[in-house]
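Given these sequences and hints, build the entire structure.
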Amino acid sequence: MDFGRISRRHLLQGGAALTLGAAAGVRPAFAAETTIGFIYVGSRDDYGYNQAHAQGAAALKKIPGLKVVEEEKVPETDAVEKTIESMINLDGATLLFPTSFGYYNPHMIKMANKFPKLRFEHCGGLWSDKDPKNAGSYFGYIDEAQYISGIIAGYTSKSGKLGFVAAKPIPQVLRNINAFALGAKLANPKATTQVIFTGDWSMPVKEAEATNSLIDQGVDVLTCHVDGPKTMVENAARRGAFVCGYHTNQSPLAPKAYLTGAEWNWEALYPKFVKMIAAGESIPNFYRGGLKEEIVKTSPYGEAVSAEARKHADDVKAKFLSAEGYAIFKGGLVDNKGKSVIAAGNDRGQKDPELEKMDYLVEGVIGATS
Amino acid sequence: MADGSIGLWTVPLAVLGGAIRVSTPFLFVSLGECITERSGRINLGLEGTLVMGAMSAYGISYLTGSPWLGVLAAGITGALLGALHAGICSLPRVNDVAVGIALMLFGTGLAFYLGKPLIEPTAPRLPAIDFGWWSDIPQVRAALRVNALFLIGIALAPILYWAFRTTRWGLLIRTAGESSDAARAMGHSVLLIRLRATMVGGFLAGIGGSFLSLFYPGSWNEGLSSGQGITAVALVIFARWDPLLCLWASLAFGGAAALGPALQSVGVTSGYHLFNAAPYILTLAIMIITCSPKRTLTGAPAELSITR
Chain D
1 MDFGRISRRH LLQGGAALTL GAAAGVRPAF AAETTIGFIY VGSRDDYGYN
51 QAHAQGAAAL KKIPGLKVVE EEKVPETDAV EKTIESMINL DGATLLFPTS
101 FGYYNPHMIK MANKFPKLRF EHCGGLWSDK DPKNAGSYFG YIDEAQYISG
151 IIAGYTSKSG KLGFVAAKPI PQVLRNINAF ALGAKLANPK ATTQVIFTGD
201 WSMPVKEAEA TNSLIDQGVD VLTCHVDGPK TMVENAARRG AFVCGYHTNQ
251 SPLAPKAYLT GAEWNWEALY PKFVKMIAAG ESIPNFYRGG LKEEIVKTSP
301 YGEAVSAEAR KHADDVKAKF LSAEGYAIFK GGLVDNKGKS VIAAGNDRGQ
351 KDPELEKMDY LVEGVIGATS
Chain B
1 MADGSIGLWT VPLAVLGGAI RVSTPFLFVS LGECITERSG RINLGLEGTL
51 VMGAMSAYGI SYLTGSPWLG VLAAGITGAL LGALHAGICS LPRVNDVAVG
101 IALMLFGTGL AFYLGKPLIE PTAPRLPAID FGWWSDIPQV RAALRVNALF
151 LIGIALAPIL YWAFRTTRWG LLIRTAGESS DAARAMGHSV LLIRLRATMV
201 GGFLAGIGGS FLSLFYPGSW NEGLSSGQGI TAVALVIFAR WDPLLCLWAS
251 LAFGGAAALG PALQSVGVTS GYHLFNAAPY ILTLAIMIIT CSPKRTLTGA
301 PAELSITR
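Heads up: the sequence lines are chains D and B, in that order.
Per the numbering used here: the first sequence = residues 1 to 370.
Per the numbering used here: the second sequence = residues 1 to 308.
What the hints contain is simulated information worked out from the structure, not anything from laboratory work.
Check each hint, because a few of them may be wrong.
[Said to hold, decoys possible] In silico DSS-like cross-links for lysine-lysine, where the CA-CA straight-line distance does not exceed 30 Å:
no.	chain 1	residue 1	chain 2	residue 2
1	B	LYS116	D	LYS168
2	B	LYS116	D	LYS311
3	B	LYS116	D	LYS61
4	D	LYS357	B	LYS116
5	B	LYS116	D	LYS158
6	D	LYS168	D	LYS351
7	D	LYS256	B	LYS116
[Said to hold, decoys possible] Facing chain B, according to a computed beta carbon distance under 7 Å, are these residues of chain D, among others:
no.	residue
8	SER43
9	ILE196
10	GLY199
11	ASP216
Every residue, glycine too, gets a C-beta built ideally from N, C-alpha and C.
Shown next as structure tokens:
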């Protein structure tokens, strides 16, 4: 139990200890000590979105000369502005990571204008030329990892019915559902993915009910896009279904049922950002990437994954990693109402901004966006 | 069917399964609140008690390896929170509704703070009793996996109904709730009766919380309750302070919570926000139907601060 990691004050003390360690002989990588502030919308240990960012922050704590301050459960309101100001004025933070979607506009933009010499990096926002130059937005194409999960799920499912417990029908979520369904169809062209929307990011009872309803319908592999996948993973495993994880690696929760999962890889990205700053380079204001850029990763395969599934998934992963890349959303794509959504021959590469406006479910998904 | 699907039968089955799985916390909180309110006091803090119960049950189960000790710990935590509520309300000119709201925030806040290190570990869960052995349909078997707490809750409702009517304790609680002067004239301390009633109410609400973290959904996290404690308090009012009606109302709420996901799973996808909101719509509808400006609610204890 690490009660010591609870408050920011404790972190400050920890940071101070680290500085002492640096002074005592370890040569710091930075000329002056740099303080980095992390702000989370939820709990840092949610086995999900916020934990993934906290793991990235933890990677920074290991670098000598860096001090990390964190605050969790900051609502997407004026509160985040107050947190940012106190991190800057009291803790001397010069690089800030407000990690939740709703922090971006107007809150973080306002702060970036107020403190033009400091650097702000936001997760998930869409930076445009009108926004301040000292602000940036980064995000990962986690649908690539969901696509891999879909392939594994398609091979593993006996009924050909897959389930997806989702929070809200927003573009990021729809893109994950569609990628998962398309991946599954690579493995089994007849595979269907049934989606249930719970209506909000953290509704454990609804998520458990959705999981049970899907399994009652014959679904035998499930994944999700909610803040904390723990409820879905544990309840599905109890019913004997297989699961693919999301956000972080949930295999300790259900070692036998866990196939693979789509994980964020912030612990690779954040040190990269810091190195860029230390080297005097500027971080691109609009930063995106997937498996190749090491912003997302897949969980190690579980024991139930067949050799055939591993091989197919690894082949596709190699294509994502290759120089020319790989398009999940190829031309000739039809949605589940029979309407053409991407014209034939008009492949949409991963970086295509149109994909960040997705509002449809592809053929093979059972469900509706409204 | 060959692929193991049971088609549209999923919906009634899920509503039945939901009634069994989801209703238990509603049942315990509403029965507890029923006792407290019958003694003439409202404890709105049971949402906080429910969350504290869920957290302490999970923590104790994780540390000791015994989920039943966790249930006991949740009950004791709930009783202590009940004692705190009753203690503050014993002071002169204190409003029990305001204290309840304060304790609701206190309970959830404290549970989130202390529960931080408990989100990651997996604690031993309460066992399930398999009532579906007669069926070879896996869905039916899954729906009929029942926890002992649910059975205790079902037994508790008629016992309470009987106890209110025929036992001395029931009479005392009702006297304190209907006319504190009469109770005093009989030589009883109204404050002491209410203290005990609130503690028992808190004990039951705490146990309701332990069901959430130790059985279904079955792990501790901060969104676990999402307002179920509040809903259960409202449920007491339209159950007319009658333990038997509390039981039916809890079952209806459990079933309503399962309706949204179940309809989506069979392909009824339009308007799922409405179906997801079914429990709340049910609350509102029943409150509107049962309220009247001309009279106080039938069955309401006369000493309650909302009816006085």
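Structure-based check of all given hints:
1. Proposed proximity of B/LYS116 and D/LYS168 is supported: the alpha carbons are some 26 Å apart, at most 30 Å.
2. For the suggested pair B/LYS116 and D/LYS311, the alpha carbons sit about 40 Å apart, so the restraint of at most 30 Å is broken.
3. About 21 Å separates the Cα atoms of B/LYS116 and D/LYS61, which keeps this hinted pair within 30 Å; it holds.
4. Proposed proximity of D/LYS357 and B/LYS116 is contradicted: the alpha carbons are some 36 Å apart, above 30 Å.
5. Under the criterion of a C-alpha separation no larger than 30 Å, the hint pairing B/LYS116 with D/LYS158 is inconsistent with the structure, at around 38 Å.
6. About 23 Å separates the Cα atoms of D/LYS168 and D/LYS351, which keeps this hinted pair within 30 Å; it holds.
7. This hinted pair checks out: D/LYS256 and B/LYS116 have alpha carbons roughly 27 Å apart, not beyond 30 Å.
8. Satisfaction of the interface hint for D/SER43 is found here, the shortest Cβ-Cβ separation to chain B being roughly 6 Å, below the 7 Å cut-off.
9. The beta carbon of D/ILE196 comes within 4 Å of a beta carbon in chain B, closer than 7 Å, and the hint placing it at the interface holds.
10. Look at D/GLY199: its Cβ gets to within about 5 Å of chain B, closer than 7 Å, so that hint holds up.
11. Interface hint at D/ASP216: satisfied, since its Cβ lies 4 Å from the closest Cβ of chain B, which is below the 7 Å cut-off.
Checked against the numbered hints above, the structure breaks hints 2, 4 and 5 and satisfies the rest.
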